[in-house]
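Enquirer: If you read the protein sequences in the order shown, they are chains A and B. Per the working numbering, the very first residue in the first sequence carries number 1271; after that it's consecutive. Per the working numbering, the very first residue in the second sequence carries number 12; after that it's consecutive.
Be careful, since some hints might not be right.
Unchecked claim - Sample of chain B residues facing chain A (criterion: CB under 8 Å; computed from the structure):
1. 44
2. 55
3. 56
4. 61
5. 74
6. 102
7. 106
8. 113
9. 114
10. 115
11. 117
12. 118
13. 119
14. 120
The set of hints was computed from the structure by calculation and includes no laboratory data. As the structure is a prediction and not an experimental result, all values here were calculated from the model. No residue lacks a Cβ here, since even glycine has one placed at the ideal position from N, Cα and C.
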Amino acid sequence: GAVVSQHPSRVICKSGTSVKIECRSLDFQATTMFWYRQFPKKSLMLMATSNEGSKATYEQGVEKDKFLINHASLTLSTLTVTSAHPEDSSFYICSARGTSAAYEQYFGPGTRLTVT
Amino acid sequence: AQTVTQSQPEMSVQEAETVTLSCTYDTSESNYYLFWYKQPPSRQMILVIRQEAYKQQNATENRFSVNFQKAAKSFSLKISDSQLGDTAMYFCAFMKHTGTASKLTFGTGTRLQVTL
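Kindly produce the complete structure, drawing on both the sequences and the hints.
Expert: Dropping the structure here:
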């Protein structure tokens, strides 16, 4: 099946700094990518949807200036957490959809962000 | 807006036994997909089973089957012959059938523990 990778798998950063998380589709072209946030023992919360070459569409309540999403190519999307604070500490998961059926969505392994 | 409800936060089942996880949803859409995803301790989201709303026949994947009751907006997952490797969080999810704009709405999850 299709593979989605995320890098890094874990990252620790200091409060006030920015951190970038990469999401790559390894063996297919991802026309749409999704970014989720998951708190401990909670469900996945969709943050934003990005289409290649377009601006991301953010869900209500998600600060677009804080969570910068770039989908510059058909295989790469990035999420940059700017001026990170401890409350941004979370598990971030991306998923990608190719050109096949809309229901075919493949998830990355996630990135654990800890802000100290 | 769609909502997905999983009323069982935690469940436990003995190895080789059968367990059923409940899920209800609310939507005004007539054409949609329903999913069960598994999230083991590794945090990697894994698709377990998918059901198209227009199909009356319940989906089956090996030991996993669903009971889809469209009128009741119910979508339960039955796991037969439970195995230790089935221990995970299970999320029920809904997606409208609207092409590339489709996004997943997740329930709150059920933590399943398979015991010896």
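Enquirer: Against the structure shown, which of the earlier numbered hints fail to hold, in ascending order?
Expert: 5
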